[in-house]
Amino acid sequence: MSHIGSSAIRSDAWSKVNGETVYAYDYKEAGMLYGVLLRSPYAAGKLLRCDLAKARAMPGVRAAIGAADMPPTLAGWSIRDTPLFARDRVRYVGEPIAAIAADSLAEARAAATAIELEIEPGTPLIDPEAAARPDAPLLHPDWKDYVPTAGSDFPRNGNIAAECSADPGGVDAIFDAAPLVVEDLFTTQRQYQAYMEPKSAVAIYRAGRYIIHSGHQFPFNLRDRAAQFLGVATTDVRVIGHAIGGGFGGKLDYSVEPHAAALSKAASGRPVKIANSRVEDLATANCRESTIVKMRSAVDGDGNILARDVEAYMDNGAYTGEMSYMASFPFHCGAINYRVGKFRAIGKLVYTNTPPTGAMRGVSGPAMYAALENHMDHIAAKLGADRREYRLRHLVGDGDTLPNGQVLANTKLLRRGFDEIEKIVPWRGAAKDRVPYKGRGLAAAIWLVNPLPGALSMKLEEDGTLSVITAATDNGTGALAAGVPQIIAETLGIRPEQVRISDPDTDVAAWDSGSQGGRTTQTIGLAAIEGANQLRAKILETAGQLLQVDAGTLTIDDGKIRIEGETKSRMALSEVAMAATFGGASIQGTGGAALPAVPFNPGCANGLLFPFFASPTYHVHYAEVEVSPVSGNIDVTRYVVAQDVGRVINSACVEGQIQGAVAQSIGMTLYESMRFADNGRLIENNLQFYRLPLAVDIPKVEYVTMELDNIEGPFGAKGSGEAPILLPPAVIASAVADAIGKPICKIPVTPEDVLEALDGDGF
Amino acid sequence: MTETHPVTATVNGREETFEVEGLESLMDVLRDKLHLSGTKEGCREGECGACTVLLDGKPVNSCGYIARAAEGREIETIEGLNDALSMRIKTAIVEAGGIQCGYCTPGIVVMLSGLLRRHAAPDERLIRQALSGNICRCTGYAQIVDAVLGVVQGKAAAE
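If you're matching them up, the sequences are chains H and W in order.
At the far end of the first sequence sits residue 763, using our numbering, and the numbering has no gaps.
At the far end of the second sequence sits residue 1159, using our numbering, and the numbering has no gaps.
Note that these hints are calculated values from the structure, not bench results.
Don't take every hint at face value.
Stated by the list, open to error - Here are the simulated lysine-lysine pairs, DSBU-like style, with alpha carbons at most 35 Å apart:
| no. | chain 1 | residue 1 | chain 2 | residue 2 |
| --- | --- | --- | --- | --- |
| 1 | H | Lys423 | H | Lys382 |
| 2 | H | Lys382 | H | Lys412 |
| 3 | W | Lys1033 | H | Lys28 |
| 4 | H | Lys742 | H | Lys700 |
| 5 | H | Lys700 | W | Lys1058 |
| 6 | H | Lys144 | H | Lys342 |
| 7 | W | Lys1033 | H | Lys54 |
| 8 | H | Lys700 | W | Lys1155 |
| 9 | H | Lys700 | H | Lys412 |
| 10 | W | Lys1058 | H | Lys28 |
| 11 | H | Lys28 | H | Lys459 |
| 12 | H | Lys700 | H | Lys382 |
| 13 | H | Lys568 | H | Lys459 |
| 14 | H | Lys342 | H | Lys742 |
| 15 | H | Lys432 | H | Lys742 |
Between the sequences and the hints, there should be enough to build the whole structure, so can you do that?
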């Protein structure tokens, strides 16, 4: 029986459903102190004084530290622009200024209020477009001195933290001569990952090293970052991972871990736990960035897009993290899916006095596809063309390229996506089919899998089961709890439940690039096949010696050794393991993988830090909505997905990714609003106001998985966790516009937006 | 030291006496004093439902429930839900793939146990309404709702 494509039960399901799983937030150490951070109440200002003397003398306090107690180092994923504690200025509300460790949380909090703080408030820059103007005051006057983490610098200038631009020349002339120019301005707000487990860490300074316990998506990245902040060698930090209560990209970089580590050292090595409250977590999370996208197309009489011009602003917040890479996405996604002649683009990542943004599932994709696909609607409307027909007429085909020059293959899956949706719900876009206040939307996406490397090692245990050691993480998707065990089981001839996978530990496991960009099942799956094949060869060799037959005649079936052609097995794997182990050659294997680089045109753009779409996949989504013209409320009444998954490894897990990502993205589209007041304070500052989608809000998604034989992933599997989040803003905005007969150019689409768009045209 | 008060309550079928401070929440008592960490802390605002427990059979957010008010009451946490109905709910969620990160899962199981004890055959609408105090950020709820509908139908078939 094949284990590929089954709905095998994930290995952690019972411990989770029974409440036995210990998450980082639950983790404790003997003798543990409680840490709290004193965070800036101002979005901008000069930090004149931070006196910890009184706080140090408070009851129960074991350590109090601020910038003066740390090495004068800056850290950062892509550029080293971030201090651990604010030094001479504060740049966002919530920025850490000092930290306290005490015997109890109450004592730590009391001591934090005793810190004597003097800040001269400044005027915060909140709007990225305003902050990008040449005359705007600089958030980082020393920006020129900042050191790029990877060595080579990239285009940045003052408040522009990163810029990616492409100009093939001649674009303006095409616009000047074009019979039709369509112009749009789209905006999206930030989205909070809102993993249900807030961020936390327990850190211990012991024997000259820092040990960090955390529920982290990317332990090796945390090791790097903590070492940067603490001013120590990379391997002076050890990160041990625990169960992750959701991440969605929010747990890929540091949060409170280096602060806890510094506190532990200051408290003579006592373990220190810092656990964000939800309010703190929401206020300081590295959210998906807000965007402003200006998109113009020059169109000829036949509807061909002769040229496109895109100008995008992305909110970096006060520090950069990995956002420099995201500045490439206005370029990648500005002229994708559909054929465009000349393409000019500029993406500006802008420092503002707000919490640093970061990667959330699908990164900038939902914002960029919302702009692109609604822009396509607007072009079709100007031409009097049907939205679906117009898309299909200009859809890319094999041999067409992405803006980076990367040649596309398997685009038949994109066209098939439209066909699959048509089978489920025939398109009715004609004016005669319109029902007042009901609308539909249809949109497509091409997406990538994060190509970064990963590795694992494995050993056959004496009882014939398999232990895998890896620093890869399962953030909830089932990549390690189901997918990789199934892949190993299929390769080796055992059952998935005979495979156990370690928690990550950077001292023990080889480098892995974290659960991001849909990479874990695909890349760790490839590594697992390599390791399992090594094991298989060693197992058969040992068994051959024991049975005195040629190893080539042997096979492994349900954990037993069999001679090909015979039905009865000859020996159990445990016997092989025992013989090998006590013969001095225990059976072990290793595997490593990265997705191959894709050829692209390096001259296509300036500052293209994220250069290509590895292992591209193709997706089409459809939505129906009902809009109340009285209240402005929007109901998503039907949602259909056609998704290229390469190959399904675990059907229940793939469904979970689709249902969950669409729900999360409907949240971004309709409910989750994250705004900053002019003083830089967050308006939707708790879960009552930052409204997450509930069971009553979300329809059950209808979906089709599209499979295609390929060698890019294990058994053909490609990352499936990110793509389904890309399109709900695009199709729902389109459907709402269809329902009310007015364009929607803003995400989230709130009832107020609907009523404003109707502007008296409703009841 | 802060003044404490002894509280006696039945927790998962066993009488327990614990010392609580003033307005200490039931969630903190369960997690920190009784080491029942299956009751999860998600928001401390009564919004997310990860800390749901049954109090005299009714689901409550233990983060917003003052522990002293639990005197003499019966508390059931995820660790104590091993009755036949709860096991059917858990099995159905496990088999339907209704678990991802799992952080909301204990609260959801507790909520559903409370629901199905009172309503033998809730329809989808009622199930979704009952779950509206339990935020799940991973699953989009579909496989969880499917699991409950399966339990209801299985129950109906068995009767």
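Consistency of the hints with the structure:
1. H:Lys423 - H:Lys382: holds (28 Å)
2. H:Lys382 - H:Lys412: Holds, at roughly 28 Å.
3. W:Lys1033 - H:Lys28: holds (13 Å)
4. H:Lys742 - H:Lys700: Holds, at roughly 27 Å.
5. H:Lys700 - W:Lys1058: holds (28 Å)
6. H:Lys144 - H:Lys342: holds (33 Å)
7. W:Lys1033 - H:Lys54: holds (31 Å)
8. H:Lys700 - W:Lys1155: holds (23 Å)
9. H:Lys700 - H:Lys412: The hint holds at about 27 Å.
10. W:Lys1058 - H:Lys28: holds (30 Å)
11. H:Lys28 - H:Lys459: With a Cα-Cα distance of about 30 Å, the restraint between Lys28 (chain H) and Lys459 (chain H) holds, given a limit of 35 Å.
12. H:Lys700 - H:Lys382: With Cα atoms ~34 Å apart, Lys700 (chain H) and Lys382 (chain H) stay inside 35 Å; holds.
13. H:Lys568 - H:Lys459: Holds - the C-alpha atoms of Lys459 (chain H) and Lys568 (chain H) are around 26 Å apart, at most 35 Å.
14. H:Lys342 - H:Lys742: This hinted pair holds, its Cα atoms lying about 29 Å apart.
15. H:Lys432 - H:Lys742: Since the Cα atoms of Lys432 (chain H) and Lys742 (chain H) sit roughly 17 Å apart, the hinted pair holds (cutoff 35 Å).
Comparing the model with each earlier hint shows no violations; every hint is respected.
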